[in-house]
Amino acid sequence: MRQALHAESTKLRTVRGTGWLLLAAVALTIALSVAAAAAASCPSGGCSQDPTKISLTGVQLGQAVIAILAVLVVSGEYSTGMIHTTLAAIPRRPTVLAAKALTVSGVVLGAGIVAVLGSLLAGRLLLPALSLGDGPTLRAAVGSVLYLILIALLSLGVATAVRDPATAIGVVLALLYLFPILAEMVTDPSWKRHLAQIGPMDAGLAIQKTTNLPGMPISPWAGLGVLTAWATAALLAGALLLHQRDA
Amino acid sequence: MTSGTITPYRSQLPAGRDGFAQLLRAEWTKFRSVRSWIVGLAVAGLVTVLLGLLSVAGSHTSCGGSPGGPAPASACTPPLGPGGEAVSDGFFFVHQPLDGDGSITVRVTSLTGRESELEPWAKAGLIIKESTTQGSAYAAVMITGDHGVRMQYDYTHDTAGGTGAVSEGSPRWLRLTRSGGTLTGYESADGTHWTEVGTARLTGLASTVQAGLFVASPDHEEYDQSLGASKTTGGPTQATAEFDHVALKGDWPSGTWSGEDSRGGDSGRQTSVEAFQETGGTFTVSGSGNIAPALAAGGNTVEMSLVGAFAGLIAVIVVATMFVTAEYRRGLIRTTFAASPRRGRVLAAKAIVIGGVTFVAGLAASALAFSLVGRIRRDHGDVVLPVSSLTELRVVVGTAALLAVAAVIALAVGTVLRRSAGAVAAVIVLVVLPYILAVASVLPVGPGQWLLRITPAAAFAVQQSLPEYQQVGNAYTPANGYFPLAPWTGFAVLCVWTTFALALAVFLLNRRDA
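Quick mapping for you: the protein sequence lines, in order, are chains S and V.
With the numbering used here, the residue at position 130 of the first sequence is 130, and numbering never jumps.
Remember, the numbering used here sits 1000 above the position in the second sequence when you count from 1.
Think of the hints as simulated: they come from the structure by calculation, not from any bench.
Be a bit skeptical, because a hint or two may be false.
Short derived list, chain S residues pointing at chain V, Cβ under 7 Å [as the list claims (entries may be wrong)]:
id, residue
1, TYR78
2, ILE169
3, PRO180
4, GLU184
5, MET185
6, THR187
If you want the footprint, here are the derived chain S segments under chain V, 3+ residues with CB under 8 Å [claimed, not checked]:
id, segment
7, 51 to 61
8, 147 to 155
None of the values given here were measured: they were computed from a predicted structure.
Even glycine gets a Cβ: it sits at the ideal position worked out from N, Cα and C.
Start from the sequences, fold in the hints, and give me the full structure.
Given below as structure tokens:
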């Protein structure tokens, strides 16, 4: 396993796009967060909206870049044929997938911390109502980093299952972005609620809410649990297919 | 030994033609011979239809009827105006028949709301209406809560007159005359100097019409921004107006006034007793409701059936990107450019092929989704506000065109980036994410509307079937189905983005080594 981890981190480090993608993820997250915070009308006395959630809006954009990174970790190898070498060197395929998952999680953890902290600090400057020290905001911050890691794992699982990079990123973004649109379109309140409860993005981002919690379709940690279930299912499907198929 | 020159080898085959048609044929052959792309396009069409069906299963916009059972069709259909559009036609009407030409003049001395809350679009004034049937043709001149004197007719037409509210100190005189099918509204501050506000020509107006005083006060609407973009709260309101100096000219055969709510007795929406009193030539009239076009709310529009186009869009973007990135990945691009060295033409041929194929597939899918979902919603008895066939055509064809242009921008971005994952993600984020942020997110209404003006997501305006009426107070927000740009203007925004992406792609194609 140590060798597998070493191999994966070397590959990730030496591939050209990794650094740029991580930089883009951080920059885009902070940029959209700043734009949203600047756009929100939020006097110092009270906020009509949730200041923490506004300051973390950028995660909805940054997750797309994180998804690209995670998809390329697997699909990139299929594109270039590197996967044959990888599997020849480490024939136990679940180990390869586990090593990839750990490596990507570590990298996304670092980028996520930078992106979330940057967004919150910028939000603190623009929205005086945002207090960084209180429990719900800390939970939102830690949860947002975990959210990004889970998105990366979901993408990794999907990419392992479908192999082609374009299809994989399409499937991941469809999973993320279609549930909110559908939830907005249906009018039946119980359908709306259920769609918000099972959609990976809607449920996962519940972790960012700090106000009006009882009115939410799903509680913050339960929402992150739903996303964890999605990521686990994707990884299991990927592992199963990787195990059964010829590379 | 003869030392002749060596004749270079010349192929005996005739040279192939190098026309644009051959290029198109080559690209079409490439497209149709990759099975996964055909499958991808079929998936795009399928999810467009299936998601539309799913959304109709989760939507019930019926209006009354027993729960579980289908509501009676009559209770669910809003009245239709003379132009075929859905209207709301409920106000307090004090009327008597007018035969042939004539006029009615009145002085309005006050217009007040209940508990001093007057709606900006509360209306009081004179109206001549074909009949008391809901949705019949009419013309009216009125004083409003905040928008001065207006001349309105046939629900959708509105002309502004003088500004300023009415009060005891500054009353307003109104006059409405009928001459055949021409109705003219006038206003005056003193009853002697008259200004024309507007003229309405109502074709086919019957000889005997109902004419008189009316008062309306639309439901109160309020933003609630704390839960996402915009939810509105509110309820029925009531306004009361006082009229005097009523003067009639022409043939008024009945001679007595009768007052009623134009929705009939069982409307069940009255906030309190709506009535009129006449004491010594002074009429006090109270009413609620509105006489105006109906608005999009709660998914009652025809474009609801095309929600699946978002899913189709993602599949189309994947296929269109792969149409060029696969060539880079396999090295086929070198063969392509060797066969046709003018690279801009290759990209043009690819754009035409992917755009055309997507348009045809998208048109089939959106037409199928539109008619299938529309029929199911009618069978359910859901409220769907009708629009003209021309608008329906624009919604369906516009959706197909949106998919086609999105395919071309995906092709261009794929050519620029040459890597499929990045290109697919970039295009999906550009086209879909702004819509989500504007409609289903925490962004306030203002920035959300700007997103739908400047990003490619503006193109979804082509699906908006109901226009915005400035004479009806409403939250015209993306969440309620109203885009900030006109349908084809929004579509043009996507076309501008696509043009820039194509230009950049051609520039880089010519500069870079393949």
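- Query: Can MET185(S) be said to touch chain V, with a Cβ gap under 7 Å?
  - Reply: 4 Å, holds
- Item | Residue hint PRO180(S), partner chain V, criterion CB-CB below 7 Å | 4 Å, holds
- Are TYR78(S) and chain V close enough, Cβ to Cβ, to be under 7 Å, as the hint says? Because about 10 Å separates TYR78(S) from the closest Cβ in chain V, which is outside the 7 Å limit, the hint is violated.
- If you take the shortest Cβ to Cβ gap from GLU184(S) to chain V, is it below 7 Å? This hint holds: GLU184(S) lies near chain V, its Cβ roughly 4 Å from the closest one there, short of 7 Å.
- Item | Verdict on chain V covering the segment 147 to 155 of chain S, criterion of 3 CB contacts below 8 Å | This one is violated; 0 residues, fewer than the three required, reach chain V with a Cβ under 8 Å.
- Message: Three residues or more, CB to CB closer than 8 Å: is that satisfied between the segment 51 to 61 of chain S and chain V?
- Response: holds (count 5)
- Task: With chain V as the partner, please determine if THR187(S) meets the hint condition of a C-beta pair closer than 7 Å.
- Result: Hint on THR187(S): holds, closest Cβ of chain V at ~4 Å, below 7 Å.
- Given hint ILE169(S) near chain V, where the shortest CB pair must fall under 7 Å: 5 Å, holds
In summary, the structure is inconsistent with hints 1, 8 from the numbered list given earlier, while agreeing with the others.
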